[in-house]
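Participant: What follows is each chain in one-letter form.
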Amino acid sequence: METLITLLVGVLVMVGVYLLLSKEMLRVILGTAILSHAIHLLLLTMGGLKKGDVPLLHETAAEYTDALPQALILTAIVISFAVTAFLLVLAYRVYQESGRGPELRGHQDE
Amino acid sequence: MITVLLAIFIPFIAACLVPFVHKFLTGRKIGWFVIIVPLLLFILLLRLVPSLSHGATYTYSLPWIPSADVYFLTYLDGLSMIFALLITGIGSLVVFYSIFYLSEREAIGRFYTYLLLFMGAMLGVVLSDNLIVLYVFWELTSISSFLLIAFWFHRKQSRYGAKKSMLITVTGGIFMLAGFLMLYTMTGTFSLRELIGMRDIIAADSLFIPAMLLVLLGAFTKSAQFPFHIWLPDAMEAPTPVSAYLHSATMVKAGIYLVARFTPVFAGHAVWFYIVSCVGLLTMLWGSVNAVKQTDLKALLAFSTVSQLGMIMSLLGVGSLAFASSESSHVALFTAATFAALFHLVNHSTFKGSLFMVVGILDHQLGTRNIRRLGGLATIMPITFTIALIGSFSMAGLPPFNGFLSKELFFEAMLSLKNANLLTMDSLALLFPIVAWVGSVFTFIYCMVIVFQSFLGKVPEPFPGQRPAHEAPIQMLVAPIVLGSLVLLIFFFPNILGTYILGPAMLAVYPHLGNMEGLVPEIHVWHGWKAPVFMTLGVIIAGTLLYRYLRYWKGVYRLGVLQWTLDRFYNGTLLRMERVATRVTRGYMTGSVRDYVAYIMLIFIAFIGIGLAGFQQFVFDFSNDAPIEMNEGVIVFVMMCSSVAVLFARSRITAIILNGVLGYSIAILFVVFRAPDLALTQIIVETVTTVLFLLCFYFLPEWRAEHRAVSMRWRNGLIAAASGVIVTVVALLVQGHSLYPTISIYYETASRIAGGLNVVNTILGDFRAFDTMLEVLVLFIAGLGVFSLVKLRRKKGVDRPEEK
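Chains A and B supply the protein sequences, listed in that same order.
Per our numbering, the first sequence starts with residue -11, numbered consecutively.
Per our numbering, the second sequence starts with residue 292, numbered consecutively.
Bear in mind the hints are in silico, worked out from the structure with no lab data behind them.
Output of the computed footprint for chain A on chain B, the stretches with three or more beta carbons under 8 Å from beta carbons of chain A:
(1) 963 to 970
(2) 1000 to 1013
(3) 1052 to 1059
Positions of the beta carbon are idealized from the N, C-alpha and C atoms, including for glycine.
Sequences and hints are given; from them, build the entire structure.
Facilitator: This is the structure in structure tokens:
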């Protein structure tokens, strides 16, 4: 299971990085979203998968899954949501100001 | 001995105080506050002279970075004493002179701050024992020199000269640091005194020659030795007191100090002798030949300083032979050369300092220092003329001035080389005195140029000064008069200087000889009809003839060899370096964020990739894997497919829906992986995110297909693929290794410690509550950002500053 999820993480990173490198801002934002999905899965995998019971303490359980990565991921999900929301509004504002589609330009594109 | 430590720190403290004191002592009155510092230190140091002349030394140690073997160890011996006395003595005179030289309109406070900064740094160079401390002060002198040369920074020439001196001396300093580090690897100590004790260990090491060359490079750049002398003439853009102080009396002698200091470490080796003496003699010749053609008096003095520094350097080279000789008579001959070097060092500071001040007076009174526009000033400015006469004749090596004595010793030292049978150099032994003699002839010529072309002859028409010329105010004449009297006094009483000041310094250069006896030769004004006397007579005759017919052979200087080829080389190199740097920077700073992201990813790939390549144990341990069930496999498969499909989505709605698929699938995976809290949060967040994305339909135009070159797609594709592969490989490797036991068990005490049964919740709300609080803060800031981006608009009529 861990190996399979790690492979999935690899695929997600690949897609995320490719989107990050594109010109259209919406693609870049999608790229960050997918990259954070990948990292969340990676964190969870590092703690081991399906190794015990849900980390809700009760007397019958012999072993619990690692709760620490879960706490970290919970924080990360919320932060990445904030970032995505901010970036989207940024793209919107760029479009409003420039009148052009929100794209990333360099010297060569001018 | 705390005086030695104070000597370094008092100037720095005073430098910090100058801006504040300047508020009360306005205008040039601040100079009276500044002059206390060198004067006080001079007196304090002078009190130590008698005990030093009995062989005493003073140390004071202050731990600085003990773990890195850096102690702030100050060390005062005879050699340091000469320099410290010059720094504080000439410093006092220069400050006094500058009080009347500078105009009230100048930034006087800034000037004195820099000057005190330099004073402290220079005292630090000569008084520190630790090489790293020495290096720091060494570079600090370069920096303060830079600031002082660029004092009139509105002039282009000042900025050019400042940059040039900084580049050359600091580059040399960095090489010197490399030499110091090599010495450290050889011996394991940064202490100068300990290094001298480990002479044999250093000489046997294979790094001996490289370390020696690097240290010499530092000394040569600082002391303006050929071919690094080109910065000194351009440094003359500094105010004249600075030229008199830094660029003739003290800073440029730091290289001499370094060579003298390292003589007991490196001397005795043929390479040391050849490099130091040949470079010195070449510099002497080149400087004096170039000085003759100058028309700006300060440029002439700059080249003459170059030449004189070369002369001192060559003497130190000859003096190093004492380490290679065993016969006591020869040893005495060669130590006399070092004695001559130190003697001339003092003499040069006196006569050159007075000459610079004279030129400053001319500049101040007449507004020009161009020789062609000067003349006949002897009757108008008799005192200035007298001082100029004393200084120039002393420099030319004429009696009854101190320069005569050291020039005689110089000739004697050069002639003594025929005894140096230890180094195979029969023909060279003849060449050395000849070069020295020719250099001295040219020295004689430019000295005559100073005296006769600016002070004698006809008063030029039209007269250069705006107002009728008259003698300088007495306050400006005090400092040059003091120096001029020293020139005479040293001639009549040279042995007092020799015994009390130079003797201890000789002992510092030749510590292995044990005592001062025999190291201090008796200086005689007349020592019979011997070779040096004839050489001096020859210099006078040849020099007079050549000066008389100067205009007939001056055309020689138009020959290509003597042009400013070195300067042209420096300028060309700088220009080319700037061009290359611009091209390189333009090449990768495209201004496109995409490219920068690509660089970041490439560096990530390169570093982690190289790290992986060097990693020996590729153990992929799959034994701990949990089993895969059918439904999980399907979810993962769906996720892979939908993520890849995002790349090929034609319209953004497809991409957004596919992203939603990913998010919700992850929520299901969280359920499978026993993380109910995550699943809940993920579902909520994913829903809101999708809604946000869908809002784009309303506000943003449809995205355009990426029209990119195929090569660009390949580049991006490769970067993406490589990142994915590296992340996968690293993640798999990590799972095969468990270096530390898990710490998560601790959190299972949650119910007892935090009073909660949901471990994830207790971590967020209790164990790591601060984290959560800051996370809320991040959300809050993002919310503010969203709000301001949507709501805040620029009012009409308000300028956009970024578009100006």
